[in-house]
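Novice: Here is what each chain is made of, one letter per residue.
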Amino acid sequence: MFCLISVFSAYAQAPVEISGILKKRLSPVKLFKVAEGKVVEIANTNPTGNGQFGFLFYPEYEGLYLVGTGNTGSPSDNYKFYFKGGDKLDLTLLDSSYVLNGKLNSKENMLLTQWHDLVFPLEHRAINFMKVQSTFVDYFPLQEEIVAQTKNFLTGKTTGNAQFDKKMRDIMTWDLASYAANFLNTPRTAHPAVEEFSPFYATLHAQDFAKNTRDLYTMPYGLRTLNGLINVNFRQQNLPFLRGVDGVKTTLNFVPNDTLKGEFVLDAAANYKTHTEFKALMDAFGQYVVTTKQKKRKLDIETPLLTLKTGEEAYPFSYPDKDGKTVSLASLKGKVVLVDVWATWCGPCRQEIPFLKKLEEEMKGKAVAFVSLSTDAVADKEKWLKMIKDDNLGGIQLFAGGPGNEFSQYYKVNTIPRFLVFDKQGKIVTVDSPRPSDPELKTLLERELAK
Amino acid sequence: MAGVFLPRVYAQAKPVAVIPFELLNGSIVLKVKINDYPRPLRLLFDTGADGMAVDKLLADSIGLKISRSHEATVVGGSMKIDVSQGNTITLEKGFQLKNQGIAIFPQMSKDVDGLIGNKMTQDYVVKVDFNRAELSLYSFDNYEQEKGSTVIPFTIPEGLFIIPGIINVVKGQSHRGNFVFDTGANYNLICFRPFVRQNKLLVSGFKSEYQTSTVSMGVNSPTFNGNSDSFSFANTPPLQNMPVTLMAGGGQNESWNPGFDGSIGMGIISRYNFIIHRKKQEIYLTPNHSYNYPFDFKLGIYIFRFNLKGQLEVQGLIAPETQDTLARGTIITRINDVDVSLFLKDAKYLDGLKNVAPHSIIRVEYLKGNKKETLSLPK
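Sequences listed follow chains A and B, in order.
Here the first sequence is numbered in this note's numbering, starting from 1 and rising by one per residue.
Here the second sequence is numbered in this note's numbering, starting from 1 and rising by one per residue.
So here's chain A without its partners, still in its complex pose (with noise of 0.2 angstroms):
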């Protein structure tokens, strides 16, 4: 016990120190830790005019952190280093790349960065490929050449920390093996046939990345790289890429680890819209949800999910509609209601028009209201007035004031078209019902008229 905090307290005492030059445009730069394979903003300064830059901090662990200008969604415009107490780093951080400045960066950091520079080639077209033009045409043959280049990249290489000499052969493995996905699973202007793919590719397989939590959970974007594999190997086995519980089964064959596969279930339930579709998930896979991290987590996505469940209150919106003259929920008392939450620059909800003017026609004198509720910004509202008249929009247009209006927030719409139903009472029936393309919306409003 007493060891163990007389280590602690010696990294206490030890801060780490970083100190840079930004050399591209301005904008704040951030430090990250991992925790479970994700990256976590922990400080973020705004540089001098000048691009100076700086942290002190107190590190959590010794392990791997990230320095860079980028988010916490994707790898690029952050760089990997390794820290421990005491340690000091002066870098420059360049266009899609870094340089190490003076001579007091630790061994660790200058061996990440001499394999920094020598995958580079790959990170810089699989990763940045906003900024560089590549297709497998030419990234193929060259992350060939890398790969075999990096064989021997560690002969003769050691820091003197046991504990860092072997995590970068883990690093190593990780990089590649997600520069190889990122790399297929990023918008490029030609996509090569799984029998195109180049060798290295045969050699990734998604469980040999999955087998414990350890090395995953300590390496950043650890999740995502894994996931992209997952997405490799689903190609290379011309597997389908299903919705729901099915798609999610499907996944969890690629993750042997238990704990590994509670995070895949858990990443799967964020996106769910309604109660019914979490509940089933959790029927079919909650076994695998067993940290406690793991148990809040569950927790933070069902809460919202409960108040949104079938039979419960709805939310009392009320909205001006094309004429100024306010519509409520309550307004509509006695009709089975129908929202359609679009935008007029969507062209999915542009899509699903038609469809909705013929279901108006043909549920024409039943007590249903057809709700149009228009997120676009304040500032297009004249667009919207425009369309309405235009393309002789019918039902109730209602303009919501911008995408982060209280009812999109309240039921989660973070993608138009979104449909939901609310029932005569004005309860939720559901808030994520199928299109108007689908037959399956007027069936189900015929359900409920006959309640």
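Any given hint could turn out to be false.
Estimated spans, in silico, between C-beta atoms of each pair [claimed, not checked]:
#1 B:Ile318 x A:Ala43: 44 to 50 angstroms
#2 A:Gln114 x B:Gly310: 51 to 57 angstroms
#3 B:Glu209 x A:Phe57: 46 to 52 angstroms
#4 A:Glu382 x B:Gly51: 45 to 51 angstroms
#5 B:Ala327 x A:Ala43: 37 to 43 angstroms
#6 A:Gly247 x B:Asn35: 56 to 62 angstroms
To give a feel for the contact side, a few chain A residues facing chain B, derived at Cβ under 10 angstroms [said to hold, decoys possible]:
#7 Arg188
#8 Thr189
#9 His191
#10 Pro192
Hints listed in this document are in silico derivations from the structure and should not be mistaken for laboratory results.
Beta carbons are placed, not taken as given, at the ideal position from N, Cα and C, and that holds for glycine.
Given chain A, work out where chain B should sit, using these hints.
Specialist: Frame of chain A, contents of chain B only:
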């Protein structure tokens, strides 16, 4: 008696029609009239199409009567095509093709008024002479193969002329394929997606020089361009270091199966005067004056090639056209102070240009009207 007939048997029959053509950006364009429509129309002589076609706007102006329509399937959807039958096409000098069907497409290329496909090869032996810029029609009876020409046998599945060929994208890797003889295509050789995929042509050492996209049979595909080690078709001698176009995947086209492996375009065809004898299923090729002209090449954003007059011209751009770019067809007179006519005389001049370091500034002298102007462009 026999002695009287003998010379006639071996003499070439006279053509039933000799029609001058225009070369427009390397394509054969015929001037025709359709029915009583007064305006002469420019139609592309396209052996890669099995019939005649114009766009809707023109069809309405001519007043074509629609006889029938059918759904033509293209990858990613289907398209309704109207067909007008019983039309009369009058070629230059008054020769008429009667009772012709014309397909009506919603939209077509802006450069010409439409396509005159390979239909006339059903009724006549068709000879194209690039030296004279003439297309001649002969009756099938008594037609004799011209001396010294190379015989290329072909098959006709789906109304197009298919020729076997061998492509070595990389030295030592030979792939056999079946290619369309396509005078409507502006490149040397394109390999379609299924052939490229099955033979891994893009991922076995091919060096792409530039990427473009091409629309074929309604499908838009990304394409990669670079040199092939060699290509030969039927019994012609191999063409070395020939630029080739390879189709990559881009979503919808992965399920597209055109039924053949690619097409041989005007970059190769125009090096020969050719005769199509559809009844014998043979094409006869005789190398013309342009046979040894260098292949097209890329400098900066331009693709240059020698036209049949031996002039170097802008064939196309690999970047969007702007006000500042040279138009297609612009004649180039000197590059880096070397008169381009020297490129035709000695390969070392063009090789020297190709070996200039990437991104170096190249000086290009071109004709604007009758005036010479210069342009500096990064390689």
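Novice: Does each hint hold? Answer for all of them.
Specialist: Structure-based check of each hint:
Taking 44 to 50 angstroms as the suggested C-beta distance range, the pair B:Ile318 and A:Ala43 conforms, at roughly 46 angstroms. Between A:Gln114 and B:Gly310 the Cβ separation comes to about 56 angstroms, which falls inside the hinted range of 51 to 57 angstroms. Range check, B:Glu209 to A:Phe57: Cβ separation about 49 angstroms, and the 46 to 52 angstroms hint holds. Taking 45 to 51 angstroms as the suggested C-beta distance range, the pair A:Glu382 and B:Gly51 conforms, at roughly 50 angstroms.
Between B:Ala327 and A:Ala43, the C-beta spacing of about 56 angstroms breaks the proposed range 37 to 43 angstroms. Taken as a hint, the range 56 to 62 angstroms holds for the pair A:Gly247 and B:Asn35, whose Cβ atoms sit roughly 59 angstroms apart. At its closest, the beta carbon of A:Arg188 sits 9 angstroms from a beta carbon of chain B; the interface hint therefore holds under the 10 angstroms criterion. Below 10 angstroms, beta-carbon pairs count as interface contacts, and A:Thr189 has one with chain B at about 5 angstroms; its hint therefore holds.
Interface restraint check for A:His191: the shortest CB-CB distance to chain B comes to about 5 angstroms, inside 10 angstroms, so the restraint holds. At a threshold of 10 angstroms, the smallest CB-CB gap from A:Pro192 to chain B is about 6 angstroms, leaving the interface hint in force.
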